[in-house]
Amino acid sequence: MVVNSNRYSVHRCLLLLGLLSCSAVAFAHGIARSDQAFVQGNTGMQLIPFIYLGAKHMVTGYDHLLFLAGVIFFLYRLRDVAIYVTLFAVGHSTTLLTGVLGGIYADPYIVDAIIGLSVVYKAFDNLDGFQHVFGFRPNPRAAVLFFGFFHGFGLSTKLQQFAISADGLVANMLAFNVGVEIGQLLALSLILVFFNLWRTSGNFLRHAWHANVLLMTAGFILMGYQLTGYIVS
Amino acid sequence: MTEPEPTEQLQLPTRKNILLSTALAALVATVILLTIILPVEYGIDPTGVGGSLGLSAIAAAKTQPAPAQELPEAPQATAGSEQFAQSTDAPFRTETIEIPMQGDEELEYKFQMSKGQMLLYTWSSGSTEMYFEFHAEPTEGEYPEDYYMSYQIGDGSTGGHGTLVAPFTGNHGWYFLNLTENPVTIKLEVSGYYTSHGRL
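In order, the protein sequences belong to chains A and B.
The letter at position 69 of the first sequence is residue 69 when you use our numbering, and the numbering goes up by one with no holes.
The letter at position 165 of the second sequence is residue 398 when you use our numbering, and the numbering goes up by one with no holes.
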C-alpha cells in the first residue's frame with residue numbers, strides 16, 4: 001500500500017518535466033461540460049465516442065491549432081508538412097499515453113501556459129528571430145517534437161480530470177488519441193486550404209511578417225491568461 | 234531534404250525589427266490581457282477598462298449559479314431508476330474518529346468502499362494548518378500500477394465537509410500532512426457505507 005501517493009505523483013512529474021508543479025486543480029480548456037457527464041458515467045470500452053471526443057477536442061482546441069498553423073506557416077512541400085505533423089503527433093501521443101497510464105497529474109494552467117509559449121516560440125522562429133537575435137536556430141524538428149510533448153501532457157491532464165472508468169481505460173484512451181489525430185488532420189486540411197488560397201493570392205509574403213507578429217501576440221495572451229489562472233486558482 | 238528557410242520570405246528580418254515586433258506583440262498582449270481577458274475570465278480589473286466596458290459582469294456571472302436550463306426528462310421508473318436509488322446489505326455506519334498527529338507528521342486514513350457507495354464527512358484540525366489530498370486507490374479492476382484518483386487537494390486547510398460517491402471499489406480517504414510543528418488531533422466524523430477503515 002502506498003503510504004504517500006501524493007508524493008509518488010510529484011516524483012514522477014519531477015522526473016519527467018522538472019518544472020511542472022503537480023496537482024490536480026481546475027482545468028483551463030477542457031472537454032465540454034456536457035461531454036464530461038459521458039466520460040464520467042461511462043464504463044467499459046466505448047471506442048467511437050472517445051474517438052469523437054478526441055477529434056472534437058483537437059478541432060476546437062485553438063491553442064493546438066495556433067501552434068500547428070505556426071509550424072506549417074513556411075512549409076510549402078506536402079512532404080515537409082507530413083514530417084512536421086508526424087513529429088508533433090509522436091510528441092503529443094507519447095505524453096498523452098504515458099501521462100494517463102502513469103497517472104501523472106500536471107497543473108493544467110502551467111501546461112497550457114507552456115503551450116502558449118510554444119505558439120510564441122514558433123512565431124518568433126518564423127520571424128527568423130533565433131538566427132538574427134541569438135545567432136543560431138534550434139533544430140525546428142526537435143522543437144516541434146519537444147513542444148509536442150507538452151501539448152500531449154495537456155491532453156492527458158484534461159482526460160484525467162474526469163473520473164475515467166478503469167474498465168476499458170487503455171482502449172478508450174487509445175481511441176481518444178486516434179480521435180486527436182483525426183481531428184488534427186481535419187483541422188490541418190482546412191488550414192492548408194486557407195494557406196494555399198493565401199499564398200496564391202500574392203499577398204502572402206507581404207502579410208507573413210504581420211501574421212506571425214499576431215500569432216506571437218496570441219501566444220503571449222494565452223500565456224498571460226493561463227499564468228494568471230495559475231496564480232489566482 | 235532542405236529545411237524551410239524563412240529568411241527568404243520575410244521582408245525585414247533584421248535583429249532590430251525582430252526585437253521591436255516581439256516587444257510590440259508582448260505589449261499588445263499585455264494590454265488585451267489587462268483590459269479584456271483578465272476582467273472577463275477572473276474578474277481582475279487593474280485598469281478599470283473592463284468594468285467600464287461592462288466586461289466584468291461576465292466574470293461576476295460566472296460565480297453565480299447558472300440559471301436552470303431545460304428540465305431533465307422525468308426518469309422512467311421502469312428502467313435505470315437503480316442509478317438513483319439502491320439498497321445495501323448492511324445499515325450505514327456513523328463514527329467519530331480521532332487521529333492524533335505529531336508536528337510535521339504525515340499519514341493516510343482510508344475507508345474501504347465499494348463502487349457507487351456513499352460517504353458523508355466532516356473533518357477538522359482546529360486551528361492547525363494541514364496539507365491534505367482526498368483521494369483513492371482502487372483494489373479491484375484493471376488499473377495501471379500505482380494508479381490513484383485525486384479528488385481534492387488543500388494547502389493550509391483546517392477542515393472540510395462533503396460527500397463522496399466511490400468511483401471504484403478501493404480505499405478512499407485522506408493523506409494528511411501537519412504543516413506545523415505542534416501535535417494535533419484531527420476529528421473526523423463520517424456516515425456512510427464502508428466496510429473498514431484505518432490508518433495506512
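It is worth saying that the hints were derived from the structure and are not from the lab.
Careful: at least some of the hints might be erroneous.
[What the hints assert, rightly or not] No farther apart than 20 Å at their CA atoms in a straight line, the calculated lysine to any residue pairs in the SDA-like style are these:
hint	chain 1	residue 1	chain 2	residue 2
1	A	56	A	97
2	B	348	B	425
3	B	420	B	342
4	B	420	B	364
5	B	348	B	431
6	B	249	A	214
7	B	249	A	207
8	B	249	A	134
9	B	348	B	424
10	B	420	B	353
11	B	249	A	137
12	B	348	A	168
13	B	249	A	136
14	B	249	A	130
15	B	348	A	169
16	B	348	A	89
17	B	249	A	209
18	B	348	B	364
19	B	249	A	135
20	B	249	A	133
21	A	56	A	46
22	B	420	B	359
23	B	348	B	293
24	B	249	A	210
25	B	249	A	211
26	B	249	A	89
27	B	249	A	131
28	B	249	A	132
29	B	249	A	208
30	A	56	A	102
31	B	420	B	337
Owing to the predicted nature of the structure, the values given are computational and were not obtained by experimental measurement.
query: When you check the alpha-carbon spacing of residue 249 (chain B) and residue 209 (chain A), does it fall within 20 Å?
result: holds, 14 Å
query: Given the hint that residue 249 (chain B) pairs with residue 130 (chain A), does the C-alpha gap stay at or below 20 Å?
result: Given pair residue 249 (chain B), residue 130 (chain A) holds - Cα atoms ~13 Å apart, limit 20 Å.
- prompt: Holds or violated: are the alpha carbons of residue 249 (chain B) and residue 131 (chain A) at most 20 Å from each other?
  reply: holds, 12 Å
message: Tell me if the straight-line CA distance from residue 348 (chain B) to residue 424 (chain B) falls inside 20 Å.
response: holds, 16 Å
field: residue 420 (chain B) paired with residue 342 (chain B) [C-alpha distance capped at 20 Å]
entry: Distance of about 12 Å is within 20 Å: holds.
query: Is it true that the CA of residue 249 (chain B) sits at most 20 Å from the CA of residue 207 (chain A)?
result: holds, 19 Å
Distance restraint between residue 249 (chain B) and residue 211 (chain A), which requires alpha-carbon spacing of 20 Å or less: holds, 18 Å
message: Checking one constraint from the list: CA of residue 249 (chain B) to CA of residue 132 (chain A), max 20 Å. Satisfied?
response: Holds: residue 249 (chain B) and residue 132 (chain A) sit about 9 Å apart, inside 20 Å.
query: Is the Cα-Cα distance between residue 420 (chain B) and residue 359 (chain B) 20 Å or less?
result: Between residue 420 (chain B) and residue 359 (chain B) the Cα gap is close to 9 Å, so the pair holds against 20 Å.
query: CA of residue 348 (chain B) to CA of residue 168 (chain A), is that 20 Å or under?
result: Holds - the C-alpha atoms of residue 168 (chain A) and residue 348 (chain B) are around 16 Å apart, at most 20 Å.
query: Between residue 249 (chain B) and residue 134 (chain A), does the CA-CA distance stay at or below 20 Å?
result: holds, 12 Å
query: residue 348 (chain B) and residue 431 (chain B): Cα distance at most 20 Å?
result: Holds - the C-alpha atoms of residue 431 (chain B) and residue 348 (chain B) are around 19 Å apart, at most 20 Å.
Taken one by one, the earlier hints fail for this structure at numbers 16, 18, 23, 26 and 30, listed in ascending order.
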